[in-house]
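For reference, the chains in residue letters:
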Amino acid sequence: MSDDDETARADGGTASQSETVEDERFEEHPLEWDEPENNDKAPDERDSVSHRTEKYDDRKLVTGQAKYTADYEERYPDLAYAAVVRSEIPHGRVTDIDTSAAEAMDGVEAVLTPESDAVPDAKYTSAGQSYPEPSPWDMRVLNEHVRYIGDPIAAVAADDRTTASAAVEAIEVSYEEYDYVTDPEDAFGEDAPQLFEGGEVENEIVGHDYDRNRMAHIEGELGDVDAALDGETHVHETEWETIRQSHANVEKHTSLAYTNEDDRHVLITSTQVPNHTRRQLAHLFDIPIRDIRVTKPRVGGGFGGKQAMVVEPIPLALSLATDRPVLYEASREEEFYAMRSRHPMKVKAKTAVTDDGDIEAIDIYALSNTGAYGSHGMTVAGNVGSKPLPLYSKVPNVHFEADIVHTNTPQTGAMRGYGAPQGTLALEGHLDEVARDLGLDPVEFRRRHHMEVGDLDEIAGMMGGEGAERRIRSCGLDECIERGKDAIGYDDLEQPAADHLHRGIGMALSAQGTGVAGDELGAAQIMMNEDGSFHLQVGGVDIGTGADTAFLQIAAEVLGCDEADIVVKSADTDVTPFDYGAYASSTTYISGMAVKKAAEDAKERILDWGSKLLDEPTENLKTGDGTVYSETSGDSVTLEDIGYEAVYGDDEREHILGKGTHCTEESPPPFAAQFADVTVDETTGEFEVHELVVAVDCGVAINPGMAEGQIEGANHMSYEMAVSEGITLDDEGRAEVADFDEYGLPSATETPPIESILVETHEPTGPFGAKSVAEVPTNTVPPALSNAVRDAIGVRVREMPITAEKIKARLDERKD
Amino acid sequence: MDIELTINGERTRVEAGSAEDLATVLRQHGYIGVKCGCDGGACGASKVFVDGEVRMACGMAAADADGSEIQTVAALGTQDDLHPVQQAFVDNFAVQCGFCIPGMIIQAVALLDSNPDPTEREVREALDDNICRCTGYQKPVEAVLDAAERMQGEQSVAADGGRSVDGPPRRAESTGCCGGGCDE
Chain A
1 MSDDDETARA
11 DGGTASQSET
21 VEDERFEEHP
31 LEWDEPENND
41 KAPDERDSVS
51 HRTEKYDDRK
61 LVTGQAKYTA
71 DYEERYPDLA
81 YAAVVRSEIP
91 HGRVTDIDTS
101 AAEAMDGVEA
111 VLTPESDAVP
121 DAKYTSAGQS
131 YPEPSPWDMR
141 VLNEHVRYIG
151 DPIAAVAADD
161 RTTASAAVEA
171 IEVSYEEYDY
181 VTDPEDAFGE
191 DAPQLFEGGE
201 VENEIVGHDY
211 DRNRMAHIEG
221 ELGDVDAALD
231 GETHVHETEW
241 ETIRQSHANV
251 EKHTSLAYTN
261 EDDRHVLITS
271 TQVPNHTRRQ
281 LAHLFDIPIR
291 DIRVTKPRVG
301 GGFGGKQAMV
311 VEPIPLALSL
321 ATDRPVLYEA
331 SREEEFYAMR
341 SRHPMKVKAK
351 TAVTDDGDIE
361 AIDIYALSNT
371 GAYGSHGMTV
381 AGNVGSKPLP
391 LYSKVPNVHF
401 EADIVHTNTP
411 QTGAMRGYGA
421 PQGTLALEGH
431 LDEVARDLGL
441 DPVEFRRRHH
451 MEVGDLDEIA
461 GMMGGEGAER
471 RIRSCGLDEC
481 IERGKDAIGY
491 DDLEQPAADH
501 LHRGIGMALS
511 AQGTGVAGDE
521 LGAAQIMMNE
531 DGSFHLQVGG
541 VDIGTGADTA
551 FLQIAAEVLG
561 CDEADIVVKS
571 ADTDVTPFDY
581 GAYASSTTYI
591 SGMAVKKAAE
601 DAKERILDWG
611 SKLLDEPTEN
621 LKTGDGTVYS
631 ETSGDSVTLE
641 DIGYEAVYGD
651 DEREHILGKG
661 THCTEESPPP
671 FAAQFADVTV
681 DETTGEFEVH
691 ELVVAVDCGV
701 AINPGMAEGQ
711 IEGANHMSYE
721 MAVSEGITLD
731 DEGRAEVADF
741 DEYGLPSATE
751 TPPIESILVE
761 THEPTGPFGA
771 KSVAEVPTNT
781 VPPALSNAVR
791 DAIGVRVREM
801 PITAEKIKAR
811 LDERKD
Chain Y
1 MDIELTINGE
11 RTRVEAGSAE
21 DLATVLRQHG
31 YIGVKCGCDG
41 GACGASKVFV
51 DGEVRMACGM
61 AAADADGSEI
71 QTVAALGTQD
81 DLHPVQQAFV
91 DNFAVQCGFC
101 IPGMIIQAVA
111 LLDSNPDPTE
121 REVREALDDN
131 ICRCTGYQKP
141 VEAVLDAAER
151 MQGEQSVAAD
161 GGRSVDGPPR
171 RAESTGCCGG
181 GCDE
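Here the protein sequences come in this chain order: A and Y. According to the UniProt record's numbering, the first sequence is numbered sequentially starting from 1. According to the UniProt record's numbering, the second sequence is numbered sequentially starting from 1.
Keep in mind the hints are simulated off the structure, nothing from the lab. What you are looking at is a predicted structure, and each value in this text was computed from that prediction instead of being measured. Yeah, the Cβ is synthetic: ideal placement off N, Cα and C, and Gly gets one too. Don't take every hint at face value.
[What the hints assert, rightly or not] Label pairs and their calculated CB-CB ranges:
(1) Y:Q79 / A:S174: 47 to 57 Å
(2) Y:Q79 / A:D741: 49 to 59 Å
(3) Y:Q79 / A:G207: 27 to 37 Å
(4) Y:D80 / A:E144: 54 to 64 Å
(5) A:D291 / Y:D117: 24 to 34 Å
(6) Y:G52 / A:E654: 52 to 62 Å
(7) A:D121 / Y:Q28: 34 to 44 Å
(8) Y:A61 / A:D263: 41 to 51 Å
(9) A:D741 / Y:D64: 16 to 26 Å
(10) Y:Q152 / A:D291: 23 to 33 Å
(11) A:D731 / Y:Q79: 46 to 56 Å
Could you put the whole structure together from the sequences, leaning on the hints where they help?
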């Protein structure tokens, strides 16, 4: 740390922007950003961006005419249906599969086992990440060595769903059973049953130790945490525990495969990552990438559960075996035990704080249960530290460490928030407790320490390596806190009349990223039609978030036309340019910037044609209202005229095409301040959450209505993490949850009202000032609710979910 | 077995297995607005009107619907002429992935038919078995309350300020059905 930063801490962490920027150590991350002139439009200059434009596909969606993968069923009269045989034991080896009864059934077209020719033997990871994947290749499509109740063993294709299910029931599997382990702390022990042999896994991840079921270990440090912990009077330590949360996307994982008239293998599939899926299938099946087409129709929710190649190899293998189109739609039961879930974790937080209330050191340790396979294991665990810790970027000594271990339990994967919810619970719950122990107002305590514009996020460097630090160029945390406090009524809380009821407010801050710094790519192209309309082809993936609409608004803003004059085609690997996919809150920022660049490229050609037709230099010309116009002469020409002239006019004809590609080292964090208002009954522990308020700085909201929907939906998901049990398992690691009722999603009456507040800032690196919005409000309700209960009644619940029973138990402990 | 159904105003005879559920049969006939999210009556995505009552089509045997009149979400409005509830969902940004929305709209229409001026609590209670994973419930609830206002505004008001008896009949077929088959 520099002297400037020492000064900053001494005065309560309020270093001015100029002081921090003068720090020459970090001049490679300047605050100033070379922003294109047209990127920073004032709100009243924006014709399309910032407007509550109707969602592109909404009319189809509300009339039930939009097509999701399963709705393509009627297009393929020869369609066969897939079903999967899954392991009924937690750990062992398949010694025999008797498929004779299934094969003899009328209507059964194929039964595949690990030995079948159509089934790839290669290892892979289901994680839909960039190449080379930061996840181990530890899976096979069908398995002889089974590692959890749910591991796929065999697959069937039949003429209808009922026959496919009956065939699965008719298959007899014999096993040699092994010892198993389901608790992550036990799994880490030296005598625990081992899931993988040394050398068995390809693409091993840093810190792996398969003798101890550890798939990865990560660690990073700034300053000297041990020294700081030794030196301070106030050292606090707390431990937190999170649930195995289900994505519970209402559309199940669904995928349809066939070979088309050009001998190319087509996957219509409910995915967040078409390009990664294409690459992974090519690897698995040894088919050239060009011969695989992955296309995504409407997607019924992803939330990270479809940032994975979870089901696609099964219908492709069956389609190759039967020479028929094959549809595989996971059952709802399979969704809970054989698809993916959020990594359950135990997270320890430790801090050293001075008598004056300055935070000298933060130490976070996470033990992550990655289940039977390692998809997204290391990267999710990394985000436990790298997302929340930058909130307190002025703290000089920081240490983060995580162990990611295998157990014989269902598979985990990416899920909205991606490790940040686990880390945010621990850090924001912990700091709240520290403030209360020191007799400080928890809100003011955070205000003293939180990140602000000009700060350098060194945590990004600590986790991402030298040079990965990032400068914070937009931060609306103060306004988020202020407006959130006002909305929840923080300063004038009324206590209930009854003595046994106590009301409290809890708050939590959150930061996320916007895309993966240095590891993203989005691309787009735009074609002008002769009538002045456009076709936008973009690799970005709309999984229900409204991304297509955001793309249209960005393109329309540049081109000066109505959104309705642009047709968008997104995420079809035969038609659209490359994109890493919908994850890491990257879509608007990365793919949206590619769209903006493509539109700018097309606009340049349009202005050239306008210049020719109006006989004026391009410098005088602008686009707007479907025209090119001159502010100098007042003349204008319509885009339609330009469209026709370009393709049918003089002998300099051209098809106006624009292209844009975007990748960046930047990943600006969006911020959120969450408030929860709760009343607790001290006789029973029962509690009622009156309201959740969440204020979010997402830069410029491209479509405020859609942004609010993202915030409220994310907050709803976060509330679920705070109050429901998630997927509970029995001693063998068998999911005890088979349907929505058992899973316990909070329903409309069980969910408190959620107020979303958009705090607009301007992020110069984003399209028209935008950063991300979809994940940051997923992180905050568990800590805010834990803090609210603590505020109301003085007891602390650290293991999610927060229940009346746990509160009552803490109250009883206090009495003792 | 052979059963007779009137689907969105169109009378049709369909073949249905004895164990086959109504959602599967409707979807096989192209009514893709009937969604299946849960395999058995737990998410609300497959809601349709069966003889004017809201039913989860995935939790009902097709055979039990023999002779019934069925309306799916496609009967309510067209893309160019949305039912007020559909329009309110669009205008209030209550739709994200949209998978749960047809069922939610059916339920909302049923609520407003029987209770044209519901409280927020009543809306939440009505939607209690409709699972939405993307938007949660804040915007859908706001959309239904907005639709209630719009629909009341559209009706002539009786002299006592109550609901006019010659307002739109309670079921949705009068509010813009395209005559069946508009579910593709």
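Here's how the hints hold up against the structure:
no., hint, verdict
1, Y:Q79 / A:S174: 47 to 57 Å, "holds (55 Å)"
2, Y:Q79 / A:D741: 49 to 59 Å, "violated (34 Å)"
3, Y:Q79 / A:G207: 27 to 37 Å, "violated (54 Å)"
4, Y:D80 / A:E144: 54 to 64 Å, "holds (56 Å)"
5, A:D291 / Y:D117: 24 to 34 Å, "violated (59 Å)"
6, Y:G52 / A:E654: 52 to 62 Å, "holds (60 Å)"
7, A:D121 / Y:Q28: 34 to 44 Å, "holds (37 Å)"
8, Y:A61 / A:D263: 41 to 51 Å, "holds (43 Å)"
9, A:D741 / Y:D64: 16 to 26 Å, "holds (22 Å)"
10, Y:Q152 / A:D291: 23 to 33 Å, "violated (58 Å)"
11, A:D731 / Y:Q79: 46 to 56 Å, "holds (53 Å)"
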